[in-house]
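Trainee: For the record, the sequence lines run as chains F and H.
At position 22 of the first sequence the residue is numbered 22 (the numbering used here), and the sequence of numbers has no breaks.
At position 101 of the second sequence the residue is numbered 101 (the numbering used here), and the sequence of numbers has no breaks.
Just so you know, the hints here were simulated from the structure itself, not pulled from any lab data.
It is possible that some hints are incorrect.
[To be verified] Simulated restraints on C-beta separations: (1) A70/F / K71/H: 44 to 52 Å; (2) N51/H / E58/F: 33 to 41 Å; (3) G16/F / V54/H: 43 to 51 Å.
[Stated by the list, open to error] A partial selection of chain F residues facing chain H, derived with a Cβ cut-off under 8 Å: (4) Y32; (5) L34; (6) A41; (7) E42; (8) G43; (9) P44; (10) T45; (11) F46; (12) S49; (13) F65; (14) F89; (15) S93; (16) I101; (17) G104; (18) S105; (19) G106.
[Claimed, not checked] Derived BS3-like pairs (lysine-lysine); straight-line CA-CA distance at most 25 Å: (20) K44/H / K37/F; (21) K100/F / K62/H; (22) K5/F / K44/H; (23) K44/H / K100/F; (24) K68/F / K44/H; (25) K71/H / K100/F; (26) K44/H / K71/F.
None of the values given here were measured: they were computed from a predicted structure.
Built from N, CA and C at the ideal position, the CB exists for glycine as well.
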Amino acid sequence: DQQVKQNSPSLSVQEGRISILNCDYTNSMFDYFLWYKKYPAEGPTFLISISSIKDKNEDGRFTVFLNKSAKHLSLHIVPSQPGDSAVYFCAASQYSSASKIIFGSGTRLSIRP
Amino acid sequence: EAGVAQSPRYKIIEKRQSVAFWCNPISGHATLYWYQQILGQGPKLLIQFQNNGVVDDSQLPKDRFSAERLKGVDSTLKIQPAKLEDSAVYLCASSAYRRSYEQYFGPGTRLTVT
Numbered sequence: 001d002q003q004v005k006q007n008s009p010s011l012s013v014q015e016g017r018i019s020i021l022n023c024d025y026t027n028s029m030f031d032y033f034l035w036y037k038k039y040p041a042e043g044p045t046f047l048i049s050i051s052s053i054k055d056k057n058e059d060g061r062f063t064v065f066l067n068k069s070a071k072h073l074s075l076h077i078v079p080s081q082p083g084d085s086a087v088y089f090c091a092a093s094q095y096s097s098a099s100k101i102i103f104g105s106g107t108r109l110s111i112r113p
Numbered sequence: 001e002a003g004v005a006q007s008p009r010y011k012i013i014e015k016r017q018s019v020a021f022w023c024n025p026i027s028g029h030a031t032l033y034w035y036q037q038i039l040g041q042g043p044k045l046l047i048q049f050q051n052n053g054v055v056d057d058s059q060l061p062k063d064r065f066s067a068e069r070l071k072g073v074d075s076t077l078k079i080q081p082a083k084l085e086d087s088a089v090y091l092c093a094s095s096a097y098r099r100s101y102e103q104y105f106g107p108g109t110r111l112t113v114t
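Okay, chain F solo, but in the shape it has when bound:
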């Protein structure tokens, strides 16, 4: 049972445009959501997070939006740059689970010139 779903395995976006990565979750007990970024042959690195008490969190070019009623979150990257080409993992957690993180299957983002 996949509790965190990323239905788009890949996404190609032109440099300078907006990249939108989507994620859905099924467990209504999740109260914290994260995005991790992974380059080939490296481990994932933390990118941005959002608590369930918020609906938006912004950090430079990266913004995460949370829609609790739809159990949906998205990551917006504006403007997209070549260095953003990577695999992006959506993840979710419950405070009561002592930081146990459930990851989605990832979306491979390619930024084309």
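Put chain H on the given structure of chain F with help from the hints.
Mentor: Structure of chain H alone, referenced to chain F:
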């Protein structure tokens, strides 16, 4: 600040053989995690340590997998005997404290079981 170190980076073994992976977390990080990432999937938590005690090992196949974290620093993950379905990248991560969602990952060990 040095990151999470893992070795070896790659390992190829035959089924039924045993294998061990090593992890050195970021200095001072009390919490250590082992994840399994099968191709095309996200990382799945196998075991979480707080210092040298186990917090969560609910998804660790205990009949063949074992892990230890002696002295609350380095950790080893062992598979014995290995199966074909154990082919995956094994990631180690650490965080500063137990309820930290920001985990720092090592580069992983890619295991191929033939």
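Trainee: Is the hinted pair K68/F and K44/H satisfied, with a Cα-Cα distance of at most 25 Å?
Mentor: The given pair, whose Cα atoms are some 24 Å apart, holds under the 25 Å limit.
Trainee: Under 8 Å is the threshold here; is the Cβ of F65/F close enough to any Cβ of chain H for the hint to stand?
Mentor: 18 Å, violated
Trainee: Identify whether the interface hint at P44/F stands, where standing means a beta carbon of chain H within less than 8 Å of its own.
Mentor: At 5 Å from the nearest chain H Cβ, P44/F passes the 8 Å test, so the hint holds.
Trainee: Holds or violated: is the Cβ of S105/F closer than 8 Å to a Cβ in chain H?
Mentor: 5 Å, holds
Trainee: Holds or violated: K100/F and K62/H, Cα atoms, limit 25 Å.
Mentor: 19 Å, holds
Trainee: Is the hinted pair K71/H and K100/F satisfied, with a Cα-Cα distance of at most 25 Å?
Mentor: 23 Å, holds
Trainee: Can L34/F be said to touch chain H, with a Cβ gap under 8 Å?
Mentor: At about 6 Å, which falls below the 8 Å cut-off, the nearest Cβ of chain H leaves the hint on L34/F intact, so it holds.
Trainee: Do the Cβ positions of N51/H and E58/F conform to the proposed distance bound of 33 to 41 Å?
Mentor: At 35 Å between Cβs, range holds.
Trainee: Hint validation: I101/F versus chain H, beta carbon distance must be below 8 Å. Holds or violated?
Mentor: Because about 7 Å separates I101/F from the closest Cβ in chain H, which is inside the 8 Å limit, the hint holds.
Trainee: Against chain H, run the beta carbon of Y32/F and see if the smallest gap drops under 8 Å.
Mentor: Nearest chain H Cβ about 6 Å off; hint holds.
Trainee: Measure nothing beyond the straight line between the CA atoms of K44/H and K37/F; if it is 25 Å or shorter, mark the hint as holding.
Mentor: 16 Å, holds
Trainee: Is the shortest C-beta separation between G106/F and chain H less than 8 Å?
Mentor: Holds - the Cβ of G106/F comes within 8 Å of chain H, reaching about 6 Å at its closest.
Going through the hint list in order, the structure does not satisfy hint 13, though it satisfies all others.
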